[in-house]
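> Spelled out from the first residue to the last, the chains are:
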Amino acid sequence: MQVGPSAFMALAAVLFSLGLYGAVARKSAVMVLMSLELMAVAVSLNMVALSRFVTPTEMTGQVFTIFTMVVSAAEIGLGLALVLAIYRQTRSIELTRMDTLKG
Amino acid sequence: MAYVALIPLLPAIAFAVLTPLSREMRNRVRWLGLVSVGGALALSLAAFAAVWPGGQEGEATYRASVPIAQVGGVDLNLGILLDPIAAIMLLVITVVGMCVQVYSLGYMHRDERVGWYFAVLSLFTAAMLALVLADNFLMLYMAWEVMGLCSYLLIGFWHEQEAPRKASQKAFLTTRVGDVGFAIGLALMYATVGSFEYDAVFAGVGQWAPGVATAVALLLLIGAMGKSAQVPLHVWLPDAMAGPTPASALIHAATMVAAGVYLVARALPIFEASGVALTITMIVGVTTALVGGVIAAVQHDIKKVLAYSTISQLGYMFVAIGAGGAIAGMFHLVTHAFFKSLLFLGAGVIIHAAHTQDMREMGGLSKHLPWTTVTFGAGALALAGVAPFSGFWSKDEILYALYTGEHYVVLVLAAAAAFVTAFYVARLWFRVFTGPAQTEHLKEGHAEMIVPMVLLAVITAAIGFTAPGFSKFLGHAGHWPDPLIAGGSTAVALAGLALGWWAYGRRSVVLNTRSLKERAGYAYDALAKKLYFDLTYEYFIIRPYMWTAEHLYRFDQKVVDGAVNGAASAWNGLTAASARFDLAVIDGVVNGLAGSARAAGRTLRKIQVGRVQTYQRYILGAVVLLMVWIVVKGA
Amino acid sequence: MLSGYWIFAPEVLIVAGAFIALFGDLLPGRDRTAAYVGAAVAALAAVLAAAGGTAGPMVFGQVEPDEIARFARTGIAALTALWALWVAGRGMPDERRRDAVALAMFAAGGGMLLTMAEDLIVMYIALELSTMPAYVLMGYRRRDVPGLEGALKYFLLAMLTSIIMLYGMSFLYGISGSTSFAELALEGSGMLGVLGVMLTLVGLFAKMSAAPFHYWAPDAYAGAPAVSVAFVSTVPKIAGIAVMARLLHAVAGDVGGLVTIMAVVAAASMLLGNLAALPQSDLRRLMAYSGVAHTGYLFMALAPDTSAGYGAAVFYTVAYAVPSMAIMLVAAEEGSDLTDLGKLASRRPLAAWSMVVWLVSLIGIPPLAGFFGKLYLFGSALSAGLVWLVVLGVLTSVVSAGYYFRVVREMFFGDEPAGIAALEPAPTASLALAIAAIATVAIGVGASPLLAALGVALG
Chain A
1 MQVGPSAFMA LAAVLFSLGL YGAVARKSAV MVLMSLELMA VAVSLNMVAL
51 SRFVTPTEMT GQVFTIFTMV VSAAEIGLGL ALVLAIYRQT RSIELTRMDT
101 LKG
Chain B
1001 MAYVALIPLL PAIAFAVLTP LSREMRNRVR WLGLVSVGGA LALSLAAFAA
1051 VWPGGQEGEA TYRASVPIAQ VGGVDLNLGI LLDPIAAIML LVITVVGMCV
1101 QVYSLGYMHR DERVGWYFAV LSLFTAAMLA LVLADNFLML YMAWEVMGLC
1151 SYLLIGFWHE QEAPRKASQK AFLTTRVGDV GFAIGLALMY ATVGSFEYDA
1201 VFAGVGQWAP GVATAVALLL LIGAMGKSAQ VPLHVWLPDA MAGPTPASAL
1251 IHAATMVAAG VYLVARALPI FEASGVALTI TMIVGVTTAL VGGVIAAVQH
1301 DIKKVLAYST ISQLGYMFVA IGAGGAIAGM FHLVTHAFFK SLLFLGAGVI
1351 IHAAHTQDMR EMGGLSKHLP WTTVTFGAGA LALAGVAPFS GFWSKDEILY
1401 ALYTGEHYVV LVLAAAAAFV TAFYVARLWF RVFTGPAQTE HLKEGHAEMI
1451 VPMVLLAVIT AAIGFTAPGF SKFLGHAGHW PDPLIAGGST AVALAGLALG
1501 WWAYGRRSVV LNTRSLKERA GYAYDALAKK LYFDLTYEYF IIRPYMWTAE
1551 HLYRFDQKVV DGAVNGAASA WNGLTAASAR FDLAVIDGVV NGLAGSARAA
1601 GRTLRKIQVG RVQTYQRYIL GAVVLLMVWI VVKGA
Chain C
2001 MLSGYWIFAP EVLIVAGAFI ALFGDLLPGR DRTAAYVGAA VAALAAVLAA
2051 AGGTAGPMVF GQVEPDEIAR FARTGIAALT ALWALWVAGR GMPDERRRDA
2101 VALAMFAAGG GMLLTMAEDL IVMYIALELS TMPAYVLMGY RRRDVPGLEG
2151 ALKYFLLAML TSIIMLYGMS FLYGISGSTS FAELALEGSG MLGVLGVMLT
2201 LVGLFAKMSA APFHYWAPDA YAGAPAVSVA FVSTVPKIAG IAVMARLLHA
2251 VAGDVGGLVT IMAVVAAASM LLGNLAALPQ SDLRRLMAYS GVAHTGYLFM
2301 ALAPDTSAGY GAAVFYTVAY AVPSMAIMLV AAEEGSDLTD LGKLASRRPL
2351 AAWSMVVWLV SLIGIPPLAG FFGKLYLFGS ALSAGLVWLV VLGVLTSVVS
2401 AGYYFRVVRE MFFGDEPAGI AALEPAPTAS LALAIAAIAT VAIGVGASPL
2451 LAALGVALG
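In order, the protein sequence lines correspond to chains A, B and C.
Take the first sequence: its position 61, counting from 1, is numbered 61 in our numbering, and each next residue is one higher.
The number in our numbering is simply the position in the second sequence, starting from 1, with 1000 added.
The number in our numbering is simply the position in the third sequence, starting from 1, with 2000 added.
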């Protein structure tokens, strides 16, 4: 059986949607961060697959993926630091409780 | 001729110099404003001499422009255009401006922020001069906005008090409604022509798509209605009287409020291309002339009487332009600028002397304020339209324009407005100047207040005779008053004055008998006064009426009764309705718009619930909507 | 004129300045010196960016320092210098100037790179580089729960939207086989191409706080120190508008419906921003909504694919950023609640009058920068036939006068807040504010030569 790019794109779409659901639905800030990471992985999968099928001789997609992975690792680190700082003050990482700022 | 550019620049420089100074320093050098306006006056005279003898309509004596910006490859210029109409406006603004500045030296001398007052007054003068010299609509609009700002600052000059603060905001917001129309009109004009310059806009006005000329004209008219306080955007002007009286004289009587009239006169080719817009202008004008006059007749505050009178007279100018008599409208603008600023300055002296603005607490001022009485009298007669004072001539030209344009209905309504005008002039006169004095220690104004008033009174008395020359200067055939119209308008004015005398002058005759009896040694109190009033009423109205009634048939009696009551209740109803309309509808709409915007804001802020995941869901929803749109649209 | 790679001297300088500031402990005078060095370096970078000239595509076509980029880079560097100058005078909360200045300069470097981006990868990296320091600036008070909460919200929403953007980018890459703007070949790509462009734009919409992707802004601003808001609400916006102009120009020919989407987002932003700002009593939140509204005005000019529109938008971001930053800096001095500004006119008349200049410029009253900026925005939308949008823009800017005037009223007629200590004089901070006031007037007066420098097909 020949596996085309659409199969990879479909898988990426499923992963992306799962991550999106988690980001919207989970209460814990850490779980939301992990869900966002899942979405990033879906994007990486999309890019690497497309790179393989669209420009097999060049590595553009892979290079892009490496950049996104580095950047999102840095971002997640920053996010965790923020969550930690909040946890130190309030002893809670539940996003639903963080609603003092509104209006 | 480059000195023309200095005319608006001089007062602007005075403002720029005065503003950064400390308050004490600014108060000390307040004469700077006066000097700058004096310089502008001298240059305006030179400019006027250069334009003389005029005669060519729309022909510029001097033009210059500097590009300031570009939009889509088209230059936007700050340009100066000196033509007959601009030359006349320059003279009016600088003469009235000069008089007001001199007068203010006396009127405001005890105020601790007098320097700031003169600075803003100078900025206003600069803006108004720039407005009449502009050669394109964009510069006109910019000057227009600066004037609005000055008006806001001057109305709210005594911002420690509640009323001026509220009035200044009301003025700013109400005129802003008009400005939105103006701005949209300019945008539409620019989208059509690709230029703001008068020449370029007017050159192709005949080829505009159908409806565009009407739309632009009506949008400009909305702007003019806001600035010139036309019904239904007139509500800010009476409240604006909370500002210093000389500022009211300059801004809210002579110049700024006339800018709307000037705008319509300038943009006349667009209005003419539309046709409908001219008719609407006329309708708006005549409505305003009547409503303003009627309300003026029931006001007790002397400045409010003059404010409503200004509204009514501005309506008159709109009527003239709408009827095709733009020259007549402009001439009324000029005469009105002089006699109304004179009346306001006089009112300032009266308020200073009587320590009140309520006319019911005044009376008998003629004995104590001789100069004011004479000069105010000249202004009042001009306003009422009595020959040979200026108002007679300009009003006559407007009525003549209506007559030759065969707008007979409007002619009758305008005559009715003239009648009401004469009526409230008489009412004001008899209440303020005749009868017994109610306050002690009445003092005439300072010399620096009296001199400008005398100057304005002389102009008011003399300027009417230039009527034919005025038309010729602007490039139209001049004529002397038509006997029919002149006779009719004089009759209407005299009838109005007579009614005013009948209603208010006669009562003061009765009151004077009281003072006669006082001399005879009788003691009188408020009760007695009322008694006499009732007695007069009984002897002069009720008894003859009863007597007549007895001698008439029942049917006749019913007719007379019904007519009298009907007329009286119609009059009452009309005035009450106008006042209610003012309060309920206009204020309601203005407040309602602001309120609904606030309410919408309060509702919208509820979206911001504070929970980040709710936000994420909103974003998700927006993205899904976007995808649905893509699918529905189909690539 | 700088030739060859020297044209990137401003970016190199800014990043180098960021490192110097980061290690400001080693400098004599320490914290404060670090801020001064940052301000000086950023000012030099601004001069170099302005004088450096322009060039065609460089570095394998990944960046293009053209006229729009030159204008935006100059604006970013100059505003960063202004901000660092103020920080040198007044300091940050917790007295950690050097970190703040270093972070701001990293963000400015990222923003300057972003304005030149001609490649999806460069755009993504630069975007993240300009955003990440902003999270830290927003949560600058480490023990302040609301500030951290706002920063976390900012972070989560920004991350979500930037992943959505990446997802869109992956489609764009998949369709055209290249990440370069110039080689994006979307014609005939059908819905996938449109989807890719739209998802990519969502990330930029969120970054520019355009409705309905603006939710982070009001909450994050309201929690953060006003001085951080001054930077985050202005400088990244200039970079964002510049790169949006590039991206839209690259795809507008191939993708239909962009005008509609941009116009709808512009309309939503103007309406929501201006209306929701009306009932606000916190200056930071008020300016957040005002920022949403101004994004709407900017999008109005971006919607039609015209070079005059792009130039107008970039010009207006700078015309908006100067007063907006200055107002937040005053809020950082006086307090962020509207009542904190009560009777400011009698306490600090110069500051109060400068505030009036900035607010009036934001309303768009001539002859200040905001008026000319709006004139160009409305003009370019008009020439594209978006009359309804311009009418909406004029109407909502009337609404905006309502809340801006509330600030003026508070400063002149409000009640003096109780128990305020007299502000210590800080000449450097006052100098920064004075420069901002003069610049607001100067940008308005000098609109014509500035736009000529933008080089957008004016003639």
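Any given hint could be a false lead.
With a Cα cut of at most 20 Å, we get these calculated SDA-like pairs of lysine to any residue [said to hold, decoys possible]:
(1) C/Lys2343 - C/Gly2419
(2) B/Lys1472 - B/Gly1487
(3) B/Lys1633 - C/Gly2257
(4) B/Lys1443 - B/Ala1387
(5) B/Lys1443 - B/Pro1388
(6) A/Lys27 - C/Phe2413
(7) A/Lys102 - C/Pro2212
(8) B/Lys1304 - B/Ala1387
(9) B/Lys1633 - B/Val1623
(10) C/Lys2343 - B/Glu1112
(11) B/Lys1633 - C/Gly2190
(12) B/Lys1443 - B/Trp1501
(13) B/Lys1633 - C/Ala2252
(14) B/Lys1472 - B/Gly1054
(15) A/Lys102 - C/Gly2257
(16) A/Lys27 - A/Met69
(17) B/Lys1166 - C/Phe2413
(18) A/Lys27 - A/Val71
(19) A/Lys102 - B/Tyr1618
(20) A/Lys27 - A/Phe8
(21) A/Lys102 - B/Gly1054
(22) A/Lys27 - B/Trp1371
(23) A/Lys27 - A/Asp99
(24) C/Lys2343 - B/Arg1165
(25) B/Lys1443 - B/His1352
(26) C/Lys2343 - B/Pro1370
(27) A/Lys27 - C/Gly2190
These are calculated hints, taken from the structure and not from any lab test.
Bear in mind that the values here come from a model prediction, so they are computed numbers and not experimental data.
> Would you pick out the hints that fail for this structure and give their numbers low to high?
Hints 2, 4, 5, 6, 8, 12, 15, 16, 18, 20, 21, 22, 26, 27 are the ones this structure does not satisfy, whereas the remaining hints hold.
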